[in-house]
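Asker: Just so you know, the sequences run in chain order A and B. Residues 0 to 81 in numbering that gives the first Met the number 0 are what the first sequence spells out, letter by letter. Residues 0 to 318 in numbering that gives the first Met the number 0 are what the second sequence spells out, letter by letter.
Keep in mind the hints are simulated off the structure, nothing from the lab. Beta carbons: idealized from backbone N, C-alpha and C, even for Gly. A few of these clues could be false.
[Stated by the list, open to error] Chain A is faced by these chain B residues, among others (derived, beta-carbon under 10 Å):
1. E38
2. T49
3. L84
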Amino acid sequence: MVKNITIFTTNTCGYCQMVKKYLGAKGMTYEEVNLDEHPHRQAEAIDLSGAMTVPVTVVTKQDDSQEVIVGYNLARLAPAVA
Amino acid sequence: MADPQDIPQHDVIIIGAGPAALSAAIYTTREDIETVLFERGVVGGLAAVTDKIDNYPGFADGVEGLKLSEELRKQAERFGAVIELGEVTAIHDEGKLKRLETTSGDMLARAVLIATGSDYKKIGVPGEQQYYARGVHYCATCDGAFYRDKRLVVVGGGNSAIQETIFLTRFASHIDLLVRSTIKASDILQHELEEFVKQGKVTVHLGTTTDEIVGEEKFVTKVIGTKDSKKVDFPTDGVFVFVGLEPNSQFLKPSPIKLDDIGFVMTDQHLHTSIRGVFAAGDIRSGATMQIASAAGEGATAALKIREYLEDRSHPVQN
Numbered sequence: 000m001v002k003n004i005t006i007f008t009t010n011t012c013g014y015c016q017m018v019k020k021y022l023g024a025k026g027m028t029y030e031e032v033n034l035d036e037h038p039h040r041q042a043e044a045i046d047l048s049g050a051m052t053v054p055v056t057v058v059t060k061q062d063d064s065q066e067v068i069v070g071y072n073l074a075r076l077a078p079a080v081a
Numbered sequence: 000m001a002d003p004q005d006i007p008q009h010d011v012i013i014i015g016a017g018p019a020a021l022s023a024a025i026y027t028t029r030e031d032i033e034t035v036l037f038e039r040g041v042v043g044g045l046a047a048v049t050d051k052i053d054n055y056p057g058f059a060d061g062v063e064g065l066k067l068s069e070e071l072r073k074q075a076e077r078f079g080a081v082i083e084l085g086e087v088t089a090i091h092d093e094g095k096l097k098r099l100e101t102t103s104g105d106m107l108a109r110a111v112l113i114a115t116g117s118d119y120k121k122i123g124v125p126g127e128q129q130y131y132a133r134g135v136h137y138c139a140t141c142d143g144a145f146y147r148d149k150r151l152v153v154v155g156g157g158n159s160a161i162q163e164t165i166f167l168t169r170f171a172s173h174i175d176l177l178v179r180s181t182i183k184a185s186d187i188l189q190h191e192l193e194e195f196v197k198q199g200k201v202t203v204h205l206g207t208t209t210d211e212i213v214g215e216e217k218f219v220t221k222v223i224g225t226k227d228s229k230k231v232d233f234p235t236d237g238v239f240v241f242v243g244l245e246p247n248s249q250f251l252k253p254s255p256i257k258l259d260d261i262g263f264v265m266t267d268q269h270l271h272t273s274i275r276g277v278f279a280a281g282d283i284r285s286g287a288t289m290q291i292a293s294a295a296g297e298g299a300t301a302a303l304k305i306r307e308y309l310e311d312r313s314h315p316v317q318n
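Just need the whole structure built from these sequences, with the hints factored in.
Answerer: Listed below in structure tokens is the structure:
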């Protein structure tokens, strides 16, 4: 079971819109961290993902384990939030 | 395989949801032809990840790629188009119906439009794969923000490379633009680029190949190129690559649909592929001009040809 979801995004990122659209269609709520508005949180996104890219979706489960999905990757995102 | 009676059937399945696909869907759905689109990536395709589109008719001041894509999507959905987020992995010709294998299971369609578009090519040099997303990027609008006040290298000399270089100047302290031969971008983009060259934000290196992307530990530190037969180092924090387009047609290779030598889908003048009832439009089509306006036009044409085909008024396939 999913406890919460955080998505790191930027204003111009088309793939970020797709992640939000997918979660929205599933009726799931999420916290969005827009790195254009909060550039000081870039390092956090890089630490979590090991990559300098967005979207980064962090799915925290009920047992507090985390799954980090880099990019718009339905093959990983769909089971992570199921 | 599932009993054909249990397989969902649609009038038209469009593979892709870029400008060609969405334009086709606007036309088919306005004609009450039930239409489902499958998109594995971003709705809007490459247009959605392009900063600004200046040559799409009707937008005097240009339009953000994401905004144009969103408007196309809304317009298609307004008339009843359904966009499924998933992937078509194979097409089978079963006569009057085509069976598509998808990530949501098998689907049947009376007609299919392939509009999967293209994606940015890789350069194919050492380090490119290793540092993917950790210094090597193909989407400036996604990843440019990570390079505030940092040095960048952009590889390429076409419209995309110049457009995205201009976009990246809003973040980077300096950009080295490595161009294998000469700049092929439109004059207007070249004039715009010239302003940034004058300001010292961009340095253009013509006749320069990109040979290797080098990093230390996790991230990129330099690009090694060759100019006038001499090796040159370009210190950088990241590399953005825009060296042309390759077709998203991998899934068609086992099918009887004819592809050209590069992998683009071959069609006749009616946008019919070598399988009757399967059409292609936009960047994926062999001979396409790779322009968003052309893709939208081809999408509209394909929709009209699909309507003729569904009404059994179409021309025979030319193999």
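Asker: Quick check: which numbered hints come out false for this structure?
Answerer: No numbers; nothing is violated.
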